[in-house]
Amino acid sequence: GAGVSQSPSNKVTEKGKDVELRCDPISGHTALYWYRQSLGQGLEFLIYFQGNSAPDKSGLPSDRFSAERTGGSVSTLTIQRTQQEDSAVYLCASSTGPDRGRNEQYFGPGTRLTVT
Amino acid sequence: EDKVVQSPLSLVVHEGDTVTLNCSYEVTNFRSLLWYKQEKKAPTFLFMLTSSGIEKKSGRLSSILDKKELFSILNITATQTGDSAVYLCAPIPYSGAGSYQLTFGKGTKLSVIP
Chain L
765 GAGVSQSPSN KVTEKGKDVE LRCDPISGHT ALYWYRQSLG QGLEFLIYFQ GNSAPDKSGL
825 PSDRFSAERT GGSVSTLTIQ RTQQEDSAVY LCASSTGPDR GRNEQYFGPG TRLTVT
Chain G
15 EDKVVQSPLS LVVHEGDTVT LNCSYEVTNF RSLLWYKQEK KAPTFLFMLT SSGIEKKSGR
75 LSSILDKKEL FSILNITATQ TGDSAVYLCA PIPYSGAGSY QLTFGKGTKL SVIP
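Quick note, the sequences are listed as chains L and G, same order. Residue numbering for the first sequence follows our numbering, beginning at 765 and increasing consecutively. Residue numbering for the second sequence follows our numbering, beginning at 15 and increasing consecutively.
Calculated directly from the structure, the hints in this document are not laboratory data. A virtual CB, placed ideally from N, CA and C, is assigned to each residue, including glycine. Take these hints with a grain of salt, some might be off.
Derived coverage of chain G by chain L (criterion: at least 3 residues anywhere in the stretch with Cβ under 8 Å from a Cβ of chain L; other residues may be distant) [unchecked claim]:
| no. | region |
| --- | --- |
| 1 | 32–39 |
| 2 | 73–85 |
With a Cα cut of at most 30 Å, we get these calculated DSS-like pairs of lysine-lysine [to be verified]:
| no. | chain 1 | residue 1 | chain 2 | residue 2 |
| --- | --- | --- | --- | --- |
| 3 | G | LYS82 | L | LYS775 |
| 4 | G | LYS71 | L | LYS775 |
| 5 | L | LYS821 | G | LYS120 |
| 6 | G | LYS51 | L | LYS821 |
| 7 | G | LYS120 | L | LYS779 |
| 8 | G | LYS71 | L | LYS821 |
| 9 | G | LYS55 | L | LYS821 |
| 10 | L | LYS821 | G | LYS17 |
| 11 | G | LYS54 | L | LYS781 |
| 12 | G | LYS55 | G | LYS120 |
| 13 | G | LYS120 | L | LYS775 |
| 14 | G | LYS70 | L | LYS775 |
| 15 | L | LYS779 | G | LYS54 |
| 16 | L | LYS781 | G | LYS123 |
| 17 | L | LYS775 | G | LYS55 |
Stretch by stretch, here's where chain G covers chain L in the computed footprint (C-beta under 8 Å, at least three residues) [to be verified]:
| no. | region |
| --- | --- |
| 18 | 779–788 |
| 19 | 805–814 |
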């Protein structure tokens, strides 16, 4: 597609429920990144995929968070047993990959998650 | 640990003013620095700077990098209300462990009033 797309754009869920957030990167981009941004805070790195593998999961805040990527394209970020502190905007970005000499990341519109 | 400091944290100017936003960084094996504009949710890419002293320009926006002093500035001339946003910078290290992980500054919130 023309840009990174994410769905849903907004999600309101009750505490304790599981949620799935989806990211569709720019076609041909092998690298995919998830970030989150809490209100008034900077961007916090969560996880990075190169192809379907995730060499770095160090940013995931707890074992309730997981992510996968299939077919080197779409990625899903899953949050189990959501807590109120999970409320944030979850941003996905893609790039041609860190080893191609160009690493500007292009961001999707984000998913605003609100846990009540 | 990588560190990125942006200043000022917020800035209010009138339309037509010129502003300078600052980004200083401490990054192991620095390669390039990115500037983004974030209006609502998604940051949009503005510039990637790799070489010292070479100004990059796009319309009323320009940016330059000083690799010796470890900082970059973003200038906006003749500001417009549409420039109101949070401006983020993020240094990129060379390929290798951690090269993909952008460390963003907290941003400068620019408000342009008519």
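The hints, checked one at a time:
no.	hint	result
1	32–39	violated (count 0)
2	73–85	violated (count 0)
3	LYS82(G) <-> LYS775(L)	violated, 45 Å
4	LYS71(G) <-> LYS775(L)	violated, 38 Å
5	LYS821(L) <-> LYS120(G)	holds, 22 Å
6	LYS51(G) <-> LYS821(L)	holds, 26 Å
7	LYS120(G) <-> LYS779(L)	holds, 28 Å
8	LYS71(G) <-> LYS821(L)	violated, 36 Å
9	LYS55(G) <-> LYS821(L)	holds, 23 Å
10	LYS821(L) <-> LYS17(G)	holds, 20 Å
11	LYS54(G) <-> LYS781(L)	holds, 27 Å
12	LYS55(G) <-> LYS120(G)	holds, 14 Å
13	LYS120(G) <-> LYS775(L)	holds, 25 Å
14	LYS70(G) <-> LYS775(L)	violated, 39 Å
15	LYS779(L) <-> LYS54(G)	holds, 25 Å
16	LYS781(L) <-> LYS123(G)	violated, 34 Å
17	LYS775(L) <-> LYS55(G)	holds, 14 Å
18	779–788	violated (count 0)
19	805–814	holds (count 6)
When the structure is compared with the earlier hints, violations turn up for hints 1, 2, 3, 4, 8, 14, 16, 18 and for no others.
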